[in-house]
Structure formats: structure tokens, C-alpha cells
Amino acid sequence: MDKIELIVCIKQVPLVSELPWDPKTKTLRREMAEGMMDPAAKHALEAALQIRKVMEEKAVAGKKKIRITVITMGPPMSEEVLREALAMGADSGVLLTDPRMAGADTLITSKILGAAIKKVRPDFDLVFCGSAASDSETGQVGPQLAEELDVPAAAYVERLDIENGHIRIQRLCDNFLETLEMDLPALVTIPPRTFFPRHVPLGGLQQSFEGGDVRTLLAADIALSPDLYAAKASPTKIVNVFSPTAEKENIRLRGAAKKVVEELFRRFEDRIGGAAGKDLKISDLKIPE
Amino acid sequence: MADKRNEIWVFGDYRNYFQNRVTLQLLARANAIAPAIDGLVCAVVLGHDVGEYVWEYGAHGADRIYVTDHPDLKTYSGDLYTHLMVKLAEEKRPEIILIGATDFGREFGPRVAKRLETGLTADCVGLEINRDGLLVQTAPGFGGNLLAEIVTPKARPQMATVRPGIFQEIPHDDDRKAEVIEIPLPPDIPRDRVRLLRCEYRPGRDQCLEDARVVICGGRGMGSKSKFKKLFELARLLNGEVGATRPVIYSRWADHEALVGQAGRQVKPRLLFSFGISGAIQHTAAVTDAEFIIAVNKNPHATMMKMADVAIAADANQVCTALIKELKRRLKSS
Ligand SMILES: Cc1cc2nc3c(=O)[nH]c(=O)nc-3n(C[C@H](O)[C@H](O)[C@H](O)COP(=O)(O)OP(=O)(O)OC[C@H]3O[C@@H](n4cnc5c(N)ncnc54)[C@H](O)[C@@H]3O)c2cc1C
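Note that the protein sequences, when read in sequence, are chains B and A.
Per numbering that gives the first Met the number 0, the first sequence runs over residues 0 to 288.
Per numbering that gives the first Met the number 0, the second sequence runs over residues 0 to 333.
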């Protein structure tokens, strides 16, 4: 192998320090949807960067070309995460954006990503995905993309090595520490645990917004069949969204510590005592002698 | 005569005790929803020497069990299990397939759904049948702060992975017997593309925090290591366990074992105290299953305060001290 193609699939997710949930209208407040790179995907990119470094050091200088391509599907603003990925060290970015891709569930997303990979990097060696995105948390796109590309796959990968056309992996799966091996091409998903992402230098970030190899692909560019227009083709439909936390009573107490604690016990001593398995009632049966 | 009832399949995930428990929980849920769609509860068991599980699933509510028992299946394999499950589903056409949301299930389920060209809802915390006879799957997003109800109107089967610990299993009943249908290993089975070189069982770390009925979580707002220590005394008085946020771990006020959140542990106590915690989603994701939350924070607008049942706007350390004092007084008086 004198050339290795690594691909990282990245999702932009809402930056939520606050839940962008409007309890009145019972909808997500889209205007609050400032984006960030999904943490697991960022770890996946870091894994790719580290593997590239290791392989470059192992190879005779100049012999091997290892290229990292990052791909995202989303609204036009998702280009930001590609720029950030370039600043971290990826070589090029592909933005899949088209209203016809909006509303895709995981099945359709995996088909669109698969079509794009086959188009731009048909000779890919290894695809990296985050193990689960922080917004919808399905963790389904990685395994489904492996199916679409018809390659072997392993999820939750914590260590990996590429050697002579295959990849060796360590992962923790349901209390089993597994060492696995698969031939390339293959796909791995990376949890936000072991590959801690490097810091993006501000200068580099600026540079990647000015230059940087990012191309945009529309549905037509990957010859997306009308049968796959996302909103209609997706087999799952969301019928209702609600916030369980918004339905709590949210009793507010304030004031001096001693007073609020007294009030807390007055109102909730049964609940506190019940959970602790202790009787916290002040016994008023102590009759003076 | 062919049975025309709609089959509800539960994947037999038996590799360890915990995985096996969620399988039993799903059998129970399948039994609960079956009448609404004239359903027949089926388990699918793949592996080697699995007779014990076949018998157990029968006693826990499966009406019918499909079994492929073969030495080639003696270790769990995503590749082979996907192939076998898809082949069987194409032949038997179940209405619903339920899979425990274990690590294995969450890797295996998506691949089965993809090959069957159907929908899959991840990590469901609720399953109901609606008026149209569709499976309504309730799935969390944004760290459990939002729940979405999802249906698969047309594609079949309707598929879901389901979070462990949500449904109550049906007690073991030896008089319940399932019809067992043996499915021989097909001759054209593909080679496993993933080679398992080594597999070591790692006994789970202790589950004290996960299982605790009372959890006391402290964050950066506790102020210092010595103040944070008081939470341990409070925990002792309440038979609870202490959890912490990431800044607390970084400052070494508590061990990494105490980390609660996306990168740490998931808790589901009956009572959660939250002291000086802002409520970043990486933390709250792991506490939304708490039954009752009492939060203390100087800032009444903190997210943690908004998701609490009781939100106390005060100094965390002072409230902790007052709580300890009051508890001691009450425990002495009884
Ligand atoms: C990939 C990733 C994974 C992460 N995983 C985790 C995880 O698993 N677990 C986790 O916890 N975090 C995790 N984090 C970090 C998380 O985003 C937050 O930074 C963290 O939870 C904040 O902890 P905190 O609430 O203690 O601190 P802060 O956010 O600093 O909040 C401190 C709070 O204390 C209040 N306060 C201050 N002084 C007082 C006082 N005297 N009395 C009362 N209140 C006071 C303040 O009003 C504030 O609300 C992760 C982050 C990333 C990027």
C-alpha cells in the first residue's frame, strides 16, 4: 500500500449549555441552534490524526501518502465543522447539503453518506465515525454505513493499529475486552473516551476558513435517487416531542440555609426518609416524665 | 396450519447476566403489547449450547422460540448474527423486532435494520401500541432532556433497541412452555469478516453509584476539597453515594470513579441531591432518570435548577452543613 485513504464522518450538533426547548410551544428553538462538532466525531477525527502520525513515522519517508477526508451532511452552516477539522489536521472536506437530504433518519443518512464516499473516495481504506452523536444519540449511522459500504466494522474502538492491509482493534463491549482484526477497507466507530481531541490553534482555524479544500455536493452530484429524498424515504416518523423535565413542578426555595433546610424537611421528610430507608420524623411522642 | 398471528420478536441477548436480564424485560413488554395486535411473542436465540436460555425464555413469557444452535456460533459475532437474523426475518416476516440496548445490541440492531431496509429507534424507554396498531417508540435525545415518540408507519418489521431496566420481567414460571423451532445453520453462511483474537471478561466495576437509592452529586460550586468532603458525611447519613462533575475530578476533590455523566456513570436514584452544579448536558444526561431532584445553586437560572423538583437558591456549602446538622438532630430524636 503506498497510499492510504482515511475518511471521518462528522456531525454538527447544537451547542447546548442550555436545552433549546421552548416549553410553551413545545418545540426546539431553532434560532438557538449554534453548532459545534459532535464530541464523539471529534474523538474519531483525533483517532484518524493519530493513526496517520504513527503510520507516517513507521513508513520510509515519503513512501506513503496518508490522506484524511472529512465528510458532513447537514445545513450549509455545517461547513464550520469541516473547517475546524481542517484546522485540526484533516486534508480536505466534503459538505453534503441539499434540502432533499433534510429530515433523513439513520437509514437514509447512511445511504447518502455511502453514496458520497463511493463518489469522492471509492478507494477508501478506513472510515471513522463517532460512536453516537450528542443530540439524537442513536449510534446507528456508523454500523449502517458499514452495511451500505459492505465492509466489516467494529464499534466502540479504543485502540487501533493498521498493518499490512488489515486493522487490529481493541474495544470494550458489554464487559468484554475484545481484540479484533479485520481486513481493509473497514469502518470503526469511536466513543468519546480515549482519543482526546487536540486543541485547535486559533491561527489555524482562521487559515482554514480562508483557504482549505472544502467542496460542496448537492443531491444531484451524488446522483441521489428521488426514492431517497430524505423526509419521504425515511422509514421512521417522529410523531411527538416533549420534555420530561419541563413537566416537573419545580418548587423554588430561597433564604438562609437553616430556614430552607427546615422547610425542606417539613415538606419532604417522607420522601427523603423513604429514599434513605430511615425514619426522619421528629417524634413528638416523647412525653416528659 | 400456519399461525397467522403477528410475530413480535425479542433477540436473545444472553452473553452475561445483565444482557440476559434485558432480554427477559423485553419478553415481558412484548407480552404486554401483544394483545393489541394479536401478537405472538417469539424469542430468537443464536449460539452454541444455548438450551438453558431457550428454557429460561420459555419460562419468562416467550410463546415460540427460534433457535440456531451450532459450534460455529459459540462466540458472539456481529457479522454472522446479522446474517442469520436477517435471513430468518425475511422468511418469517415478524411485525416487530425488539433488541436490548446493550453495546452489542446497539451495534447489531442497526445492521439488521439496514439490511431489512426498515426503521430502527435507538435506546427506547417506552413502547406502546397506538390506535392504528403501530408501535409507538419513545426515545430520548439531548441527554434525556427531550423524548421523541417515533413510529414506523410502512416499513416492516418495526424495530427498536430498548434500554435495560425500563420494563419489569415476568416472574419465572416452569409451567410456561414455548414451542421451540430449530433452525439449522444455513449452508451458505458467509465467512466472519471480523476475527476475534482475544476476549477477556472484565467484571463490571462496582455498581454502587448506579444502584444507589440516594445519590449526592457535587460540582465546582462546592468551592474546595475540604468543603466537598462534607458531601460524604451527608451521604453516610442518607445511606447514599457521592457523585461528582468533571471539574471536581480534575481538581482531585473526588476520584474518577465518582464521575457522573456522559464520560462517567449513569445514575437513577429515588433521590438526587445536586450541589453547585450548573447542569451541562454532559452531566445531566446521566441524571435524568432520578425520580426526585433537589438542586442547590447560587444561580437560580442554572439549568440544573430548572430540571429540579425542588430548587434551592442558596450557598451549596451552607445548605450541606445545615442538612447534616438537621439530619443528626432527627436521627437522634427517633
Ligand atoms: C466530551 C465531554 C464530556 C464530558 N463529560 C462529562 C461528564 O461525564 N460529567 C460531567 O460532569 N461533566 C462532563 N463534561 C464537562 C461538562 O461540560 C461541564 O463542564 C461540567 O459538568 C460542569 O461541572 P460543574 O457544574 O461542576 O461546574 P460549572 O459549570 O462551573 O458550574 C458550577 C455551578 O456552581 C454554582 N455555584 C458556584 N458557587 C456556588 C456556591 N457557593 N453555592 C452554590 N452554587 C454555586 C454556579 O452557579 C454554577 O452553576 C464533559 C465535557 C465534554 C466536552
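Hint data in this document are derived by calculation from the structure and do not stem from the laboratory.
Among the clues, some could well be false.
[As the list claims (entries may be wrong)] If we take Cβ atoms under 7 Å as the criterion, some of the chain B residues that face chain A in the derived model are:
(1) ASN174
(2) LEU204
(3) ASN239
[Claimed, not checked] Computed list of lysine-lysine pairs in DSS-like fashion (alpha-carbon distance at most 25 Å, straight line):
(4) B:LYS257 x A:LYS305
(5) B:LYS52 x A:LYS224
(6) A:LYS324 x B:LYS277
(7) B:LYS277 x A:LYS327
(8) A:LYS324 x B:LYS231
(9) A:LYS153 x B:LYS257
(10) B:LYS258 x A:LYS226
(11) A:LYS324 x B:LYS280
(12) A:LYS327 x A:LYS229
(13) B:LYS258 x A:LYS267
(14) A:LYS267 x B:LYS257
(15) B:LYS277 x A:LYS224
(16) A:LYS153 x B:LYS277
(17) A:LYS229 x B:LYS277
(18) B:LYS257 x A:LYS327
(19) A:LYS224 x B:LYS64
(20) A:LYS297 x B:LYS258
(21) B:LYS231 x A:LYS153
(22) A:LYS153 x B:LYS280
(23) B:LYS277 x A:LYS331
(24) A:LYS91 x B:LYS247
(25) B:LYS117 x A:LYS229
(26) A:LYS229 x B:LYS257
(27) B:LYS257 x A:LYS224
(28) A:LYS153 x B:LYS258
(29) A:LYS324 x B:LYS258
(30) B:LYS247 x A:LYS305
(31) A:LYS153 x B:LYS247
(32) A:LYS228 x B:LYS258
(33) A:LYS267 x B:LYS236
(34) B:LYS257 x A:LYS331
[As the list claims (entries may be wrong)] Sample of chain B residues lacking proximity to chain A, with all beta carbon distances greater than 12 Å (derived):
(35) SER109
(36) PRO225
(37) LYS236
Glycine included, every Cβ here is placed at the ideal spot set by N, Cα and C.
Now the hints, each set against the structure:
1. ASN174: holds (5 Å)
2. LEU204: violated (23 Å)
3. ASN239: holds (4 Å)
4. B:LYS257 x A:LYS305: Status holds; Cα separation ~23 Å.
5. B:LYS52 x A:LYS224: Given pair LYS52 (chain B), LYS224 (chain A) is violated - Cα atoms ~40 Å apart, limit 25 Å.
6. A:LYS324 x B:LYS277: holds (16 Å)
7. B:LYS277 x A:LYS327: Distance ~12 Å between LYS277 (chain B) and LYS327 (chain A) Cα, so the pair holds.
8. A:LYS324 x B:LYS231: violated (61 Å)
9. A:LYS153 x B:LYS257: violated (59 Å)
10. B:LYS258 x A:LYS226: holds (20 Å)
11. A:LYS324 x B:LYS280: With a Cα-Cα distance of about 15 Å, the restraint between LYS324 (chain A) and LYS280 (chain B) holds, given a limit of 25 Å.
12. A:LYS327 x A:LYS229: The given pair, whose Cα atoms are some 13 Å apart, holds under the 25 Å limit.
13. B:LYS258 x A:LYS267: violated (29 Å)
14. A:LYS267 x B:LYS257: violated (28 Å)
15. B:LYS277 x A:LYS224: violated (28 Å)
16. A:LYS153 x B:LYS277: Violated, because 52 Å separates the two Cα atoms, which is more than 25 Å.
17. A:LYS229 x B:LYS277: Satisfied, since the Cα-Cα distance of roughly 20 Å is no more than 25 Å.
18. B:LYS257 x A:LYS327: Within the cut-off at roughly 14 Å; holds.
19. A:LYS224 x B:LYS64: violated (50 Å)
20. A:LYS297 x B:LYS258: holds (16 Å)
21. B:LYS231 x A:LYS153: Answer holds: LYS231 (chain B) to LYS153 (chain A) is near 11 Å, not above 25 Å.
22. A:LYS153 x B:LYS280: Violated, at roughly 56 Å.
23. B:LYS277 x A:LYS331: holds (12 Å)
24. A:LYS91 x B:LYS247: violated (44 Å)
25. B:LYS117 x A:LYS229: violated (58 Å)
26. A:LYS229 x B:LYS257: holds (16 Å)
27. B:LYS257 x A:LYS224: holds (23 Å)
28. A:LYS153 x B:LYS258: Roughly 58 Å between the alpha carbons, so the hint for LYS153 (chain A) and LYS258 (chain B) is violated.
29. A:LYS324 x B:LYS258: Roughly 12 Å between the alpha carbons, so the hint for LYS324 (chain A) and LYS258 (chain B) holds.
30. B:LYS247 x A:LYS305: holds (9 Å)
31. A:LYS153 x B:LYS247: violated (35 Å)
32. A:LYS228 x B:LYS258: holds (23 Å)
33. A:LYS267 x B:LYS236: violated (29 Å)
34. B:LYS257 x A:LYS331: Judged against 25 Å, a Cα distance of about 18 Å means the pair holds.
35. SER109: violated (6 Å)
36. PRO225: holds (16 Å)
37. LYS236: violated (6 Å)
In summary, the numbered hints that this structure violates are 2, 5, 8, 9, 13, 14, 15, 16, 19, 22, 24, 25, 28, 31, 33, 35, 37.
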